[in-house]
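**Q** Note that the protein sequences, when read in sequence, are chains A and B.
Letter by letter, the first sequence follows residues 1 to 354 in the numbering used here.
Letter by letter, the second sequence follows residues 1 to 354 in the numbering used here.
No lab work stands behind these hints, which were simulated from the structure alone.
Each statement offered as a hint is correct.
Each pair may be met inside one copy or between any two copies, as identical chains are not told apart.
With a Cα cut of at most 25 Å, we get these calculated DMTMM-like pairs of lysine to aspartate or glutamate:
| # | residue 1 | residue 2 |
| --- | --- | --- |
| 1 | K206 | D172 |
| 2 | K39 | E87 |
| 3 | K15 | D130 |
| 4 | K39 | D64 |
| 5 | K206 | E261 |
2 protein chains.
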Amino acid sequence: MVIVTDGHRDTDTAKTAICLLRYCADEVVAVFDRQSAGKTCREVFGVGGAIPLIGSLAEAPEADTLVVGIAPPGGRIPPHWRPIILEAIARRMSVVSGLHDFLRDDAEYLRAAERHGARLVDLRDNDERDVARREGIRRRCLRIHTIGNDCCCGKMVCGVELARGLGRAGVDAAFVATGQTGILVAGAGCPVDRVIADFLGGAAEKLVLANQHHDVIVVEGQGSLFHPRYSCVALGLLHGVMPDGLVLCYTMGRRTFFGMENIPLPSLEKVVEFYESAARVMHPCRVVGAAVNGDGFSDAAVAAECDRVASRLGLPACDPLRHGPDKLVEAVVRLRRELGKESRVRPRRTNIYG
Amino acid sequence: MVIVTDGHRDTDTAKTAICLLRYCADEVVAVFDRQSAGKTCREVFGVGGAIPLIGSLAEAPEADTLVVGIAPPGGRIPPHWRPIILEAIARRMSVVSGLHDFLRDDAEYLRAAERHGARLVDLRDNDERDVARREGIRRRCLRIHTIGNDCCCGKMVCGVELARGLGRAGVDAAFVATGQTGILVAGAGCPVDRVIADFLGGAAEKLVLANQHHDVIVVEGQGSLFHPRYSCVALGLLHGVMPDGLVLCYTMGRRTFFGMENIPLPSLEKVVEFYESAARVMHPCRVVGAAVNGDGFSDAAVAAECDRVASRLGLPACDPLRHGPDKLVEAVVRLRRELGKESRVRPRRTNIYG
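Chain A extracted, bound-state conformation (with noise of 0.2 Å):
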């Protein structure tokens, strides 16, 4: 594949980028900036080695899909992306989205895939339309759900760093992909923010349902029930989901939410208190650790963070992917152990849930 992310290189703008490049940089050809045509992307985003940067789609022939490699707040293509968009439909190459703008619902861009026979895949498209039943739900599997004070904070990397860390340490645990690119890293999931929001609560379960033979599910957190914009899709997925434990994630040094930089955000104890109370609305739940995005700051500065807000919390805390996600996996287990799902031994405690 071929990742665009033309003229949009910031981490949070370009995380859809940057999360390929950390978790499928096998499958990257290249990144296609013409502003850092040239260089490579270890230069420009910190991960993906060597792989180049170019100005031109025909420097990688051997490419046959075009991502698109940015997640704006609104979530619409850069209109000056159709030529690009255009001359890989052109190339046949698939061309695949994860923005709430529809690539079929384009009429140029359909008409140029049919007229090539090229793909167009949109990420976010889903015929959602079931409501949650609460039947079935498997009592043994726990459901861990990363959440965060903000939109934009690191909820996927921690999800996808925790659940393997968890099956390095011998557990069976699968990530659970719930956004664009958490689904491109994952090759499943459903894109919540993208559901009707009668039916959000039926997706999150049908996620639940789909995933509850492994031991452990991670589910990849949404938004912010502090978010001026997201609530809505945080909490149908946090009372879909029903997790027996939370993440808390949060990008250090951010004042202000993601997008509305005049609104300043909650404290961390206050983000702790409301998330396990809306949580327990629908099942018992507590967080039990924390995770610092600490991109941009010295290891000194984030190891500092993490000690702070442990201490300020009463939680573990690490920056999963610069110290790895053990403390969490460790928190994960110790919460597996006392609620009983370790065993196959059926658990004394019990609730309405199954």
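Position chain B relative to chain A; hints supplied.
**A** Just chain B, lined up with the frame of chain A:
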């Protein structure tokens, strides 16, 4: 108009029909229900006076509109209604539906409507694609929001009655509809439960912006923060509207969630506590009164329930249909005075929302 309820006469499922009979009786020619044909609406629904129930559209030749009068869980049109809808189309009647299954997504209805020149109106259809912006909110407009412990518990009726009561008390107040029935009654609004989750907060905010020229707006609530299916809708609306005051609505005697009878309802105290903390994430807010839906109970039983709940919660309580909304009107007027929103003089108290 003719309202179809065919086979669905209970007050929860037939709430669209009953509300139209209550608030728009002048426009209703008849209700189509083959089982009760020959009776009057007063006999069957307790409202609508002598408006007849009919078993054939031929009995109402003057009607030019057929309205789907039910709101079943899941929002689908009963399959056995197909011949009724096709006959209405053949009679060149407009067919109006608020259900999730759109009329115009049905090839047979669409073909028939084109052939006969009939209109298909899907009230839940929307193209909301704007995120919340938190700009231009008018501070002087008092925002009231009706909430519930469950869906289908009287939030729309309470909103209409409260706005009308405020009007009678000389306050410039407007009811703002957020569901299909409210939209039919008010003639405008947004079907928020059908909006894509990412844009629900924005859609709710736009309803505020469009109506805040009034001194008080009473925004109809949807679902409940406690409902396993619809909590997402309730939070998106709550955070988009940023109410100053809430009115708690509940159905007397109901013990389990509507449509999920295996899950018990939370206590009213818990509902008040969690709704207030959820609302305060965005804006200062408190519950100012309770609206009891005493449908099916005696006057004495409803009066006793109102006294009991008023004392338990320390809030004024009434059944707005049976007692009128005066206690709630007084509570809203008190809140308006307390927040300094009744005077045209610029008040001292401000916050980041203007």
